Amino acid sequence: HEINNPLAIINEKAGHIKDIFTLTDTYARDPKLIDLVDSVHATVERCATVIRRLLNFTHHINSSIQEIHLAEVINEVRAVLVRDAEFRCIEVFVEVPDDIPVFESDRGKLEQVFFNLFNNAFESMRDGGRLEIQAKQENADTVAVTFADSSQGIADSEYRRIFEPFFSSKTGESGTGLGLSITYGHRWQMLSLTLSYHGSAIVLP
1 HEINNPLAII NEKAGHIKDI FTLTDTYARD PKLIDLVDSV HATVERCATV IRRLLNFTHH
61 INSSIQEIHL AEVINEVRAV LVRDAEFRCI EVFVEVPDDI PVFESDRGKL EQVFFNLFNN
121 AFESMRDGGR LEIQAKQENA DTVAVTFADS SQGIADSEYR RIFEPFFSSK TGESGTGLGL
181 SITYGHRWQM LSLTLSYHGS AIVLP
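For the sequence shown, this note's numbering begins at 1 and goes up steadily by one.
Simulated from the structure, these hints should not be mistaken for laboratory data.
Owing to the predicted nature of the structure, the values given are computational and were not obtained by experimental measurement.
Yeah, the Cβ is synthetic: ideal placement off N, Cα and C, and Gly gets one too.
Some hints here could point you the wrong way.
[Said to hold, decoys possible] In silico DSS-like cross-links for lysine-lysine, where the CA-CA straight-line distance does not exceed 25 Å:
#, residue 1, residue 2
1, 13, 32
2, 136, 109
3, 18, 32
[Stated by the list, open to error] Pair by pair, the computed Cβ-Cβ distance ranges are:
#, residue 1, residue 2, range
4, 128, 47, 37 to 47 Å
5, 32, 140, 40 to 50 Å
6, 38, 71, 33 to 43 Å
7, 76, 34, 30 to 40 Å
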């Protein structure tokens, strides 16, 4: 409640601001302002979703399984973060073949997995860069998704701890360090690699 209540207030005030902008001719003609308010709404909803996922992770709530179209899920998360990528001067490329089969999973948790991986990649590229997301079918039972960024990568002393709750390599900075811990909680094995251009790759088998 200590987090959800302030979020509800932010959401309500953002709605009032949008109403004012829409009803005022000067602001109504500027779609960027409306887009910014819509972005606030979307971000508040994203925060609320993250809180629910944290509670699920803590209390081990059962999953809600449904059919998953991989490209659709990845691109929806990408769309939420597109402005963040533009602000950080990060190019994002998604390559998911059309023949990737539909599979069953918890869509909400899967979205959170990809959100965490996007966010960790963005935070590691402080001066801009490139994020490549590729998917391929390894065998009849496995679809591998690779997140590769052009950052300096994860130190050998740190990558074994990236799934520990509350661990973060960003010393002295804000953050819970829960992102990849939640990802691991999705019961996927994950592998962290260092690429030839000193970036990091996360592979989801």
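So which hints don't hold here, by number, going up? 4, 6 and 7
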